Amino acid sequence: MSVGLLAVVDDILSAALKASAKTAGVVVDDAAVTPQYVQGLTPARELPVIAKIAIGSLLNKFVIIIPLALLLTAFAPWLLPWLLILGGSYLCFEGAEKVMEWFGVHHGPGQDEPRDERRLVFGAVRTDLILSAEIMLISLASLDKDFGIWLTLGALSVIALGMTLLVYGAVALLVKIDDIGMGMAESSVRRVRVAGERIVRSMPTVFRIISVVGTVAMLWVGGHLVIANLAETIWHGPYDLLHAVTHAVESLGPVVVWLVDTAVSAVFGLVLGLIIAGIVMALMRVVKRGAPVEPSH
135 MSVGLLAVVD
145 DILSAALKAS
155 AKTAGVVVDD
165 AAVTPQYVQG
175 LTPARELPVI
185 AKIAIGSLLN
195 KFVIIIPLAL
205 LLTAFAPWLL
215 PWLLILGGSY
225 LCFEGAEKVM
235 EWFGVHHGPG
245 QDEPRDERRL
255 VFGAVRTDLI
265 LSAEIMLISL
275 ASLDKDFGIW
285 LTLGALSVIA
295 LGMTLLVYGA
305 VALLVKIDDI
315 GMGMAESSVR
325 RVRVAGERIV
335 RSMPTVFRII
345 SVVGTVAMLW
355 VGGHLVIANL
365 AETIWHGPYD
375 LLHAVTHAVE
385 SLGPVVVWLV
395 DTAVSAVFGL
405 VLGLIIAGIV
415 MALMRVVKRG
425 APVEPSH
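Heads up, the sequence shown is in the working numbering, so the first residue is 135 and it goes up one at a time.
Hints were generated in silico from the structure; no laboratory data involved.
Just so you know, not all the hints are guaranteed correct.
[Claimed, not checked] In silico DSS-like pairs for lysine-lysine, Cα to Cα no more than 30 angstroms straight-line:
| no. | residue 1 | residue 2 |
| --- | --- | --- |
| 1 | Lys310 | Lys186 |
| 2 | Lys186 | Lys232 |
| 3 | Lys186 | Lys279 |
| 4 | Lys422 | Lys279 |
None of these values were measured; they are calculated from a predicted model.
All chains should be modelled from the sequences, with the hints used to inform the complete structure.
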């Protein structure tokens, strides 16, 4: 009996690990997005707010996403590719927005108002719902189709818990590492003091790099999701083009193939995201134009 149980646990862990590998891009983006929510808070409130967001993330996964994913698997598996297309398109849109911001194009609300903790946590948990849904749907699509409902539930639960601990543990470390550096900079030991000063100076660059990596990851994952799932539904064109390009460089080795696949997927994601962003901006202008003007006093 114990051997059978160990075999089941091994199957669950192996499936969870394999499926998790395909969510790396969204996980990187999740970790890159979250630190912005604690910027401007007092240092004493940073970790409590991250803890609240992490609890909200667990509720998103275990109360909303996993039950819906299991229902989807049982009653409407044909819907999964369409949901992945929608989710991938959203990631492309978010990535394109960030690229536009690099060039000074903004169309979202301002960020100058005071930081209200409840509103901040709600906004972070809402964003997490979208990113967590992507993680879980990609994981679900990667699991063996012959898995029963209990093995699927076990694998998704392991992924949900592991990803939450990974993302918010990394975020907690990122937002507090400058405090650690400042503490080291006050040390009487010169070597420790110099290391602390370097940590403090490097953190703005680290956050910029994380932001860029997160944006590229969003475009890559989003673009690949749309390409792959369009091929499963209504349009093979982008997938056939991607396959032709990667086939042309196969002789250069798997690393080059992966880099080319990633680059093509990211470019496709950027183009799609810019198209969606253009439509959203046009609709926002129409809505603003049609909104009644408040009389001046």
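Hints, one by one, checked against the model:
1. Under the criterion of a C-alpha separation no larger than 30 angstroms, the hint pairing Lys310 with Lys186 is consistent with the structure, at around 16 angstroms.
2. Of the supplied pair hints, the one linking Lys186 and Lys232 holds, its CA atoms being roughly 26 angstroms apart against a limit of 30 angstroms.
3. Taking the CA atoms of Lys186 and Lys279, the gap is near 35 angstroms; set against the 30 angstroms cutoff, the hint is violated.
4. A C-alpha spacing of about 47 angstroms is found between Lys422 and Lys279, which places the hinted pair above 30 angstroms, so the restraint is violated.
The earlier numbered hints that this structure contradicts are 3 and 4.
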